[in-house]
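Chemist: Residue numbers (the numbering used here), protein chains in the order written: chain A, 1 to 383; chain B, 1 to 284; chain C, 1 to 288.
If you're looking for bench data, these hints aren't it; they were derived computationally from the structure. Source: prediction; values computed, not measured. There's no promise every hint is true.
Short derived list, chain B residues pointing at chain A, Cβ under 10 Å [unchecked claim]:
| no. | residue |
| --- | --- |
| 1 | Thr73 |
| 2 | Asp76 |
| 3 | Ala137 |
| 4 | Tyr141 |
| 5 | Gly147 |
| 6 | Gly176 |
| 7 | Glu178 |
| 8 | Glu181 |
| 9 | Asn185 |
| 10 | Arg196 |
| 11 | Pro204 |
| 12 | Val206 |
| 13 | Thr241 |
| 14 | Ala242 |
| 15 | Tyr246 |
| 16 | Leu248 |
Every residue, glycine too, gets a C-beta built ideally from N, C-alpha and C.
This is what each chain is made of:
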Amino acid sequence: MMRTLAVLVAVVAAFAVAGPVTYAQPRVTVQVAVAADVNVVEVHRNHLGVAFSKINPHVTVNAVGTGTGEAASRAVYTKVKAQADAGRKGWDIDVGIISMRYAAQMVREKLLHQFVGEMQFGQYVSGPDTDRAFGVDIKGYVVPMFRNQIAIAYNPQFVSRPPKSFAELEAWVRANPRRFGYNGIKGGVSGIGFTMGWVYYKTGRYDLFVQGPFDKANDGLIRGAIEQLRDFNRNVLITSGNAGTLDALNRGEIWMGAVWVDQLVAWKNEGRMNPDITPVMIAPGLPIYPLYLTVTREAANRDWAAKYVDLVANPQIQAKVIVEQFGWYPGIDPNRVMPLVSSAARALLFRGVTPDDLARYSRQMPLGEYYDAILLAYEEIVR
Amino acid sequence: MEGRRAPGSKPQARGRGPRGLGAIIGRTALVAILLAVIVGPLLGLVLWSVAERWYWPAVFPQQIGTKYWARITQGDLLGALTRGVSIALVTTAAALVTSVPIAYGAARARLPLGPVVLMLFLLPQAFPQLPVFASAAVLFYRWNLAGTFLGVVLIHLVGGLVYSVWTMTAVFRAIGEEIEEAAINLGASFTRTFFRITLPLALPGVVASSILVFIYSLDEFTGTLLVGAPYVTTLPVYMYTASLGYELQIASVTALVLMIPGVVLLVAMERFLRAEYLAFFGRL
Amino acid sequence: MKALSAGALGGRVRPVERARPLEQALWWLAALPAIAVILIGFGFPLLQSLTASFMRDGNWTLANYELVYRLYRQDVFYTVGVAAAGLLLTFGIGIPLSGHLRLRHSHVAEFLLKVPLFVPFVVVGHAMRVFLAPRGTLLSTLHALGLVPADTTLAFSEGWMGLAIALAWKHLALVVLLLMGAFRGVDESYLEAARGFGAGPIRQIWAVLVPMAAPSIGLAAVLSLTSMLASFSIPLMMSRGSGPQMLMIDLYHRYGQHGDFGTASAIGVVSYLLAAGAAYYYLRSVAK
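Hey, can you work out the whole structure from these sequences and the hints?
Modeler: The following block contains the structure:
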């Protein structure tokens, strides 16, 4: 009896100590908070982080996911803001990999470090989405890890003529009820992007929404478009998230869906998706949404954080890992990256959505205030 | 523990039903139905955990293997497991240490103090947890407890104390005061009596409390999700994340791993969870 | 000796009254940490959520409740409905089952019924989602047994029925445990008397066991109902993209995606009121 008790106590003590000990870090650990789906977290954990440790043997990268959709980025924002408000030094998030929406907010609230100028590959960071986002000047604060395009994926077994425009999509959905799916505005940004695209289409006022000015009077415009979306949704399957749409497509429950192009490619590579399912763009367009690498202002390992971002921005890494292995569009200047990508990978990447399509149909997300207004209208009007 | 009976009453009859064929068929049918209803959904998890490739329209997995079980040895799942178990152990120890004094007090105190104390600890389970924990998370962020081991232990204690306080109170109540009186009459102090007489007698209750709190903490999800994110992840949170990404195989493997401690304890400690112990829960 | 003198007078001094003042103080002190945990981890956050529900941007306002009414009033009814369905299912199965097991002991059945106690809520949600999915394992098994044709889908998992089933599955274990305890506390002589009057098993359950175990049944019902009303993990795992949601899901969405702690707290207050209704009933019945 006493012996078993002693053994029990020893085991308990071992576990109780093991817990806090896993937090003891004699080496440098770069804390990377990834506000994106599990597949993105794994890229950092199993590929980019590992590569970084090989080059810098005493540095480990600890990548953790914070959820999906905008809520995930919000979680990063909340954590960083709490530490800022408390006046602490040495924040526990070094690299925040967050959405455009929250990157803009964090820049505005002075929570991020302006580091791109010090980077080795900083000069390759270009594009309109690295200058301004949601009406905030973000130059020097963000490096896109990749750019992600929302598209309509279709199953050629059931859809002989994919739609080329929102109008055609509307007609198709009416003829094939509950065979189109997207995730609404919860659980993932692919659905939010589709909603934005819908609003651009119905109002025809893309420039107003992207460049402003913000005027509350335009609420009627938004509500009109959302009311039509509500009617559209009657014949639509609303899924639970980005992955939900892909899963429904895979199971044959829907024949077309609004998806992230990269996630579609990733699922195909993992053998979880029918390889025939193809993405297309529809007129007038769907948003492209970058995922930003940022460094927090008072990060505990700020310099190592910047070095890590540098690794991810390296054209070689962008070509081999980001584009070839995972099928994302490059985060830095494509002219620097695409020449390094194999032609086979390029063919797979641009299957269904060509660079030409991207040039014509890729759209920006709207201003922050309009973004919020559209989402609120959706929540109120669409049930 | 036989519980108290009025003098002269008869002991419980156990399973003295008719032994005819009808009764046997009836019993077998009941067990079969329960097996299907209780174990069925869990078998679905087992199936998914070994499905290396399974997509529609196949009715069963196209390819079976242990590829996803091998993930247990990989960093993130193993980390979540270790973290979860150590949090649960620390929570259980803390729960026992803090609840024994108050449970003894509640068991021995004059009315209505005892019931009031019991109700106080029931509140975190009676009230919806998510809004309270979300509010606690806001506070924890301010106090620098969010995302820490200690913060998660604290939030586990809030919900878990009810199990240890209620169980220990019931157990202490069941230990008659006569024994303590005898010791005191022989000269022992109040505290000494407690440690030498009462507590050893209450050991089965201590074990039962520990099991309940341990399992509660291991399985706790809501508080950990809100307070622990993003660095302190336990198995339930890990499972949720995997499930979000439709990684159903990994989610199923995690789910089954989560169940192992519970099942082991269920089998090993079956005798401590006799229904009679819980009869006291019905009477304040 | 001191004790003898007290005993000689015919009075008994309870052990707790023998505690010296220092001892008493130490015991009170030892009891404080537990109370502190409840105050810090529950009491204070609860109060904060109450006040936050009436504030927006630092001003006192009812705007949060107005938003809740505008966006989520349907979900209030949905939540109550699902919880009620789950409760009916749990007790509709639990009472007869416990009664039967009181009368005809079955060790295996009792063991099986304890299993869901040890399955975490999230696991129940995930298992049920996979089990009841439109082309889930339940359907696959039935199909393999030849009981359903090939192209059927089960629309269960996404609707209120799937939720109610999952909630009932999980709560059945605790309810049966509590009921068995109470039923076993009923003296055998009462049942024998009933049998003497010619009562069959059903009458024995309804006329003897249930009335005598009423306090336990009441407690189990209140615990189950409040737990189902406030369920979060299971609906989260079985989440549906559109249509009515359980209130806790709305709360999580408001807090997580929008950081709108004010409206989230307002939803919380609504859920407190729903839970309080059930708890109030229980306290009243116990106070009798």
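Chemist: Look at each hint and say if it fits the structure.
Modeler: Now for the hints, and whether the structure bears them out:
1. Thr73: violated (14 Å)
2. Asp76: holds (7 Å)
3. Ala137: Holds. Min distance 9 Å.
4. Tyr141: Interface hint status for Tyr141 (chain B): holds (4 Å vs cutoff 10 Å).
5. Gly147: holds (7 Å)
6. Gly176: Violated: closest Cβ of chain A sits about 25 Å from Gly176 (chain B), beyond 10 Å.
7. Glu178: violated (27 Å)
8. Glu181: This interface hint is violated because 28 Å lies over the 10 Å limit.
9. Asn185: At about 30 Å, which exceeds the 10 Å cut-off, the nearest Cβ of chain A leaves the hint on Asn185 (chain B) violated.
10. Arg196: Violated. Min distance 17 Å.
11. Pro204: This hint is violated: Pro204 (chain B) lies away from chain A, its Cβ roughly 14 Å from the closest one there, beyond 10 Å.
12. Val206: violated (12 Å)
13. Thr241: Check passed: Cβ of Thr241 (chain B) comes within 6 Å of chain A, closer than 10 Å.
14. Ala242: holds (7 Å)
15. Tyr246: Holds - the Cβ of Tyr246 (chain B) comes within 10 Å of chain A, reaching about 4 Å at its closest.
16. Leu248: It holds, given that the least Cβ distance between Leu248 (chain B) and chain A is near 9 Å, below 10 Å.
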